[in-house]
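A.B. asks: Generate coordinates for the entire structure from the input sequences, incorporating the hints supplied.
Spelled out, the chains give:
2 protein chains.
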Amino acid sequence: MKKLINNPDDVVREALEGMAAAHPDLLTVHFDPTYVVRADGVPDGKVGLLSGGGSGHEPMHNGFVGRGMLDAACPGEVFTSPTPDQMQAATEAIDAGAGVLHIVKNYTGDVMNFEMAEEMAESGGIDVRSVVIDDDVAVEDSTYTAGRRGVGGTVLIEKICGAAADKGYSLDDLEALCTRCNDNVRSMGMALTSCTVPTAGEPTFDLGEDEMEIGIGIHGEPGRKRMEVEPADQIVERLMTPIVEDLPFKDGDDVILFVNSMGGTPLIEVYLAYRKAAELAEQHGLRVVRNLVGPYITSLEMAGLSITMMRADDDIVELWDAPVHTPGMRWGA
Amino acid sequence: MKKLINNPDDVVREALEGMAAAHPDLLTVHFDPTYVVRADGVPDGKVGLLSGGGSGHEPMHNGFVGRGMLDAACPGEVFTSPTPDQMQAATEAIDAGAGVLHIVKNYTGDVMNFEMAEEMAESGGIDVRSVVIDDDVAVEDSTYTAGRRGVGGTVLIEKICGAAADKGYSLDDLEALCTRCNDNVRSMGMALTSCTVPTAGEPTFDLGEDEMEIGIGIHGEPGRKRMEVEPADQIVERLMTPIVEDLPFKDGDDVILFVNSMGGTPLIEVYLAYRKAAELAEQHGLRVVRNLVGPYITSLEMAGLSITMMRADDDIVELWDAPVHTPGMRWGA
Chain C
1 MKKLINNPDD
11 VVREALEGMA
21 AAHPDLLTVH
31 FDPTYVVRAD
41 GVPDGKVGLL
51 SGGGSGHEPM
61 HNGFVGRGML
71 DAACPGEVFT
81 SPTPDQMQAA
91 TEAIDAGAGV
101 LHIVKNYTGD
111 VMNFEMAEEM
121 AESGGIDVRS
131 VVIDDDVAVE
141 DSTYTAGRRG
151 VGGTVLIEKI
161 CGAAADKGYS
171 LDDLEALCTR
181 CNDNVRSMGM
191 ALTSCTVPTA
201 GEPTFDLGED
211 EMEIGIGIHG
221 EPGRKRMEVE
231 PADQIVERLM
241 TPIVEDLPFK
251 DGDDVILFVN
261 SMGGTPLIEV
271 YLAYRKAAEL
281 AEQHGLRVVR
291 NLVGPYITSL
301 EMAGLSITMM
311 RADDDIVELW
321 DAPVHTPGMR
331 WGA
Chain U
1 MKKLINNPDD
11 VVREALEGMA
21 AAHPDLLTVH
31 FDPTYVVRAD
41 GVPDGKVGLL
51 SGGGSGHEPM
61 HNGFVGRGML
71 DAACPGEVFT
81 SPTPDQMQAA
91 TEAIDAGAGV
101 LHIVKNYTGD
111 VMNFEMAEEM
121 AESGGIDVRS
131 VVIDDDVAVE
141 DSTYTAGRRG
151 VGGTVLIEKI
161 CGAAADKGYS
171 LDDLEALCTR
181 CNDNVRSMGM
191 ALTSCTVPTA
201 GEPTFDLGED
211 EMEIGIGIHG
221 EPGRKRMEVE
231 PADQIVERLM
241 TPIVEDLPFK
251 DGDDVILFVN
261 SMGGTPLIEV
271 YLAYRKAAEL
281 AEQHGLRVVR
291 NLVGPYITSL
301 EMAGLSITMM
311 RADDDIVELW
321 DAPVHTPGMR
331 WGA
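Protein chains in written order, with UniProt numbering: chain C, 1 to 333; chain U, 1 to 333.
If you're looking for bench data, these hints aren't it; they were derived computationally from the structure.
Keep in mind that this is a model prediction, so the values were computed, not measured.
Among the clues, some could well be false.
Copies of the same chain look alike in the list, so a pair counts if it fits in one copy or across any two.
Claimed, not checked - Once the Cα atoms are required to be at most 35 Å apart in a straight line, the calculated DSBU-like pairs of lysine-lysine come out as: (1) K2 / K225; (2) K250 / K2; (3) K225 / K167; (4) K250 / K225; (5) K167 / K250; (6) K167 / K46; (7) K2 / K167; (8) K2 / K46; (9) K225 / K46.
C.D. replies: Here you go:
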């Protein structure tokens, strides 16, 4: 294992110290329990937005804390759920009287711990709602999941809900919006290589020199199929077809198209894949009204990509376009 | 070789088609000769800003075309200089009557071809200046270079000069600013792994399972030293010390600190490295007034990082803060 780290046990803490040093205007890092919170405090009466999950998917979620997106994030160790006490502390920190929405990716540990944190916070008098994101069409159940996994849709949803919270949405309305976004987003990923969790020191799984995994999870969980590597255009079609058919997306739909690098895939290849994804969307009669291209939800240094598509009405597009200023996503500010 | 590509010969063209599809509001791609130009045209009387070089370093340079940064970029094949006819066409496309500045990374092919393009454009009546960027302190001469290589400083310089051109700087003033920035910026990089040029199909160089290359070039050119991998903090010190000593940066200097991923290194490790780089800067009495963290000048999927530091007076900081809207760098717009 070759990594730019010191002690494998200190990777998450030291990376958080780096984030704190780089972005003091945007976020503050608390340790023990560990959470990242916006530096300027949550405005009175605004619903607080919290997400979290295992580390190793950067910039998600810590990199989406700031203005116009998440108010706080709870990072676990690499590919390990954060604990309820982290979530409880973060929830308390961002409650500004209007309650807190938990955006939870559907992994068993995350769901269980966010449920406990919700109970703890509610017994402390904070109104908390949770929406579980499960946008991955690859598999119905998975290694760490009952039901579908939460993946790239989470990135879009955190942006959109962040804008809505800024706009003054109530907790009820924000919960409804988050659910509606989740109902209208689908994703699927693939990998050319594994990744190595620092404390494990060995690749999470093995892939042959000519193999790829279609439908991979963001922790390297098995997908639909292991097969020989194909030209990129065919790979993109293998991801786009199940996405389009699952919702189903329909002729005339406006969509946000998000082509994501799993981390180790260079941007030149992500754009090459975007080209084909956009072409296929058009062939299905979809109108790509917004897009996102790059590494936003990663699996350490895994080579591969995922595609996410969200059906987007004018409200969603307006929320998408609203200013955002976080380390990992920024525009209009 | 496992890559998300179709035919190795089509990688650059297809990635450019993807960029064109993703960012029609920002840029337009011309083929044969190939260049990327801002979509909204250069305002009358503004100096045009052109850069370019081999592909494989994305988002640099194509991803820096838009508003507030480059007006055009000429991509070569992967790790291969673009040709003079590309540069000439791009220069003509962005001349709005005030001349064109070429920002050239110091590689023999780039320098030679930009010189030819400058002559061609000048014989066509366009006032052209060139500034050669040579910020890499690792080696004095290199495989593809007479003199020092141009690396991470280029990213900062393109942003700063883009803002200055927007502000109405004349060609003389812009040339002087670009030279001043280059005089005040230093960089050094390292690699844990090689990368593979698609048309070559084999890694550019070999590194042992426990080895790293200190002072690597962005095409995998040899650096100062091949040695056993060390903890990240020591590696960062191996990069920071020569940077600080070379200028030399002095107690009390304000600096922009840029910690860059070579592509395959995940963001969690880049922030971990930033933590140490910022700490060392402080120990040297430097004040980090701005920073940039992430993959901005890459070497395909190479794992590694580079550190760049620029001495920044108030003018530089103001230009750095000015709005920019490109696919690869965006704020305030």
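A.B. asks: Classify it for me, K167 with K250: is the Cα-Cα distance of at most 35 Å met within a copy, between copies, both or neither?
C.D. replies: Within one copy only: 30 Å inside, 46 Å across.
A.B. asks: First find the shortest C-alpha distance between K2 and K225 inside one copy, then the shortest across copies, and answer within, between, both or neither for a cut-off of 35 Å.
C.D. replies: both (29 Å within a copy, 17 Å between copies)
A.B. asks: How would you classify K2 and K46 at a CA-CA limit of 35 Å: within, between, both, or neither?
C.D. replies: So K2 and K46 fail the 35 Å test inside a copy (44 Å) and across (47 Å) alike.
A.B. asks: If the cut is 35 Å between Cα atoms, do K2 and K167 qualify within a copy, between copies, both or neither?
C.D. replies: neither (45 Å within a copy, 45 Å between copies)
A.B. asks: Can you tell me if K250 and K2 fall within 35 Å by alpha carbon in one copy, between copies, both or neither?
C.D. replies: between (46 Å within a copy, 34 Å between copies)
A.B. asks: Since the copies are identical, ignore which copy is meant and state whether K167 and K46 lie within 35 Å (CA to CA) inside a copy, between copies, both or neither.
C.D. replies: Answer is within; shortest intra-copy Cα gap is 9 Å, inter-copy 38 Å.
A.B. asks: Should K225 paired with K167 be assigned to within, between, both, or neither, using CA atoms and 35 Å as the limit?
C.D. replies: Classified as neither: same-chain Cα gap 43 Å, cross-chain 54 Å, threshold 35 Å.
A.B. asks: For K250 and K225, with the copy left unspecified, which applies at a CA distance of at most 35 Å: within, between, both, or neither?
C.D. replies: Only inside one copy: K250 and K225 sit 26 Å apart there, 57 Å across copies, limit 35 Å.
A.B. asks: Which holds for K225 with K46 at a C-alpha limit of 35 Å: within a copy, between copies, both or neither?
C.D. replies: For K225 and K46, neither the intra-copy (44 Å) nor the inter-copy (54 Å) Cα distance is at most 35 Å.
The structure is inconsistent with the numbered hints 3, 7, 8, 9, although it conforms to all the rest.
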